[in-house]
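Student: Now for the letters of each chain:
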Amino acid sequence: MATDPFDKLRLELRRGVLVLAVLASLRKPHYGYSLRKQLQQAGVDIDEGTLYPLIRRLADQGLLHSEWQQGDGRERRYYQLSELGSELLEKLSAEWATLNSAIAPLLQTTVQED
Amino acid sequence: MELINRYIAAVQRELPDNKREDIGRELHANIMDQVDALSEQKAEQGAELNEADLIELLKELGHPRHVALQFSPPKAFISGQHKALYLHTLSVALIIMFMLALIQTTGRWLDAQSTNFIALVFAVGGRFFDQALLVFTAITLIFAAISAQQPANKSGANQKKWNPRTLPAAEQKWSTISLQDSFTDLGSYVFLLVLIWYPMSPFGSLENSLFTEQALNILKVFSLFIVLGVGLSVWQLFTRLWSKPMLTLSVVVNVAFCAVFAWLALFVPVLESSSFAWSAFIDSESFQKSFRITLLIIALFPGYEAMRDSLRIRQLRSSTG
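If you read the sequences in order, they're chains A and B.
Here the working numbering = 1-based position in the first sequence + 797.
Here the working numbering = 1-based position in the second sequence + 35.
Think of the hints as simulated: they come from the structure by calculation, not from any bench.
For glycine and all other residues, C-beta sits at the position ideal for the given N, C-alpha and C.
Hints are not guaranteed to be accurate.
[What the hints assert, rightly or not] Below, computed lysine-lysine pairings styled on DSS-like, alpha-carbon distance capped at 27 Å:
#	chain 1	residue 1	chain 2	residue 2
1	B	279	B	208
2	B	196	A	805
3	B	196	B	118
4	B	196	B	255
5	A	805	B	110
6	B	196	B	208
7	B	255	B	118
8	B	77	B	94
9	A	834	B	77
10	B	77	A	805
11	B	208	A	834
12	B	196	B	77
13	A	825	A	805
14	A	888	A	834
15	A	888	A	825
[To be verified] Chain A is nowhere near these chain B residues, computed Cβ spacing over 10 Å in every case:
#	residue
16	67
17	80
18	90
19	170
20	184
21	214
22	348
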């Protein structure tokens, strides 16, 4: 029970960041499983049940292009950042950098006080 | 593979028709990629993929219903943006339906010259629920349609149109009018109007009136103030905040109620005792006496409310300078 509030807050914290990570990873085309692998290698762990619906939502919003392609004897749906997605990623990256530079000193102060 | 097909079919069953095929196809491709990766992993360990591994993989993906919800999250029937207006509209409409049920049923009750008040309560309740169900369904469907058409929050522009000066003072906790109070007042006024006027209407008969001729003459004139009370309650239902004009009207209505009830209690025989079938339990004189005392006690309530509202007017004057 003690981890419950942590899990909830962690989920909220990750939600927005995951969108940023997915958009950034899809500068190059990926299908669902390869995208997950790429994120895992970068240190962002995300389960399939969250990732696959997230990609579809972003595609529905026009931020990603998608295309079915044949590869390794199987069809796969490849996703890539659209023009709109690229513009948005740029803005979000700037926002992320601003937030990060503002929050990092705050967190450092807290750690030092502890 | 049969397990995977079964799993995808289970997810598809939970999805809307227009998304079933596309999501199923993509989910199948994604699962097959995972199966391939797991097979390779097993081969490296010198083992083969078996049914237990597939079960574990599918369990990790999540229950089909959960996966379907992730792909197609349910939309709120009434959006959060419209919820407050929906609840307010529903309350006001249900109050109006209750008033209509009260008017219709009280008329019949008077016609039947019944003294069974419990039967009246049940009849009002029954009629109200019949009509309320229809109104509830209609309003809910209208708001659901509005919510479906306007998913985006368009109230953002209105967020800046309000002025903090129009908010009531923080210490005036009484400034918000409770829906229940307005509802109770409105119900009482309408009931009283029906009692007075229904026997004189083409649908009723003057012989069925509960009141003596003398009391009825006073009550007919007094009806003007009851109508004012109805207007005040409707105003309260839509505004929900006390203002000086509203408080003034409330004082006028309550003073009139207090004065008329006290006058009737002290100087006029009010009830037509022949219309009551209680002679077996209580004689007419004792009954009239009990009723006068009750009426006098009832007169104290509007008297108190008139004084309370006068004080509130003074408070409002001092707070606005």
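Student: Each hint needs a verdict: does it hold in this structure or not?
Tutor: A quick look at each hint next to the structure:
At roughly 15 Å between alpha-carbon atoms, residue 279(B) and residue 208(B) fall within 27 Å of each other, so this suggested pair holds. Only pairs whose Cα atoms come within 27 Å are accepted, and residue 196(B) paired with residue 805(A) is rejected, the gap being roughly 35 Å. Between residue 196(B) and residue 118(B), the direct Cα distance comes to roughly 20 Å. Compliance with the 27 Å bound is thereby established for this hinted pair. This hinted pair does not check out: residue 196(B) and residue 255(B) have alpha carbons roughly 46 Å apart, beyond 27 Å.
For the given pair, residue 805(A) sits about 22 Å from residue 110(B) by alpha-carbon distance, which is consistent with the 27 Å threshold. Annotation: proposed proximity of residue 196(B) to residue 208(B) holds, straight-line Cα distance about 24 Å (limit 27 Å). With a C-alpha separation of about 42 Å, the suggested pairing of residue 255(B) with residue 118(B) is violated against the 27 Å cut-off. About 18 Å separates the Cα atoms of residue 77(B) and residue 94(B), which keeps this hinted pair within 27 Å; it holds.
At roughly 18 Å between alpha-carbon atoms, residue 834(A) and residue 77(B) fall within 27 Å of each other, so this suggested pair holds. Note on residue 77(B) and residue 805(A): the hinted pairing is violated, with a Cα-Cα distance of about 35 Å set against a maximum of 27 Å. Distance restraint check for residue 208(B) and residue 834(A): the Cα-Cα separation of roughly 59 Å exceeds the 27 Å cut-off, and the hinted pair is therefore not satisfied. For the given pair, residue 196(B) sits about 65 Å from residue 77(B) by alpha-carbon distance, which is inconsistent with the 27 Å threshold.
Under the criterion of a C-alpha separation no larger than 27 Å, the hint pairing residue 825(A) with residue 805(A) is inconsistent with the structure, at around 32 Å. The straight-line distance between the Cα atoms of residue 888(A) and residue 834(A) is roughly 26 Å, inside the 27 Å bound, and the hint therefore holds. Distance restraint check for residue 888(A) and residue 825(A): the Cα-Cα separation of roughly 19 Å lies within the 27 Å cut-off, and the hinted pair is therefore satisfied. With a least CB separation of 6 Å from chain A, residue 67(B) falls inside the 10 Å interface cut-off, contrary to its annotation.
Non-interface call for residue 80(B) relative to chain A: holds, since the shortest CB-CB distance, roughly 19 Å, exceeds 10 Å. Look at residue 90(B): its CB is around 16 Å from the nearest CB on chain A, clear of 10 Å, so calling it non-interface holds up. Residue-level check passed: residue 170(B) sits 37 Å from the nearest beta carbon of chain A, beyond 10 Å. Separation of residue 184(B) from chain A is adequate, the least Cβ-Cβ distance of about 18 Å exceeding the 10 Å criterion.
At the 10 Å boundary, the C-beta of residue 214(B) stays outside the reach of chain A, the nearest C-beta of that chain being 34 Å off. With a cut of 10 Å on Cβ distances, residue 348(B) stays outside the contact zone with chain A, its closest approach being about 49 Å.
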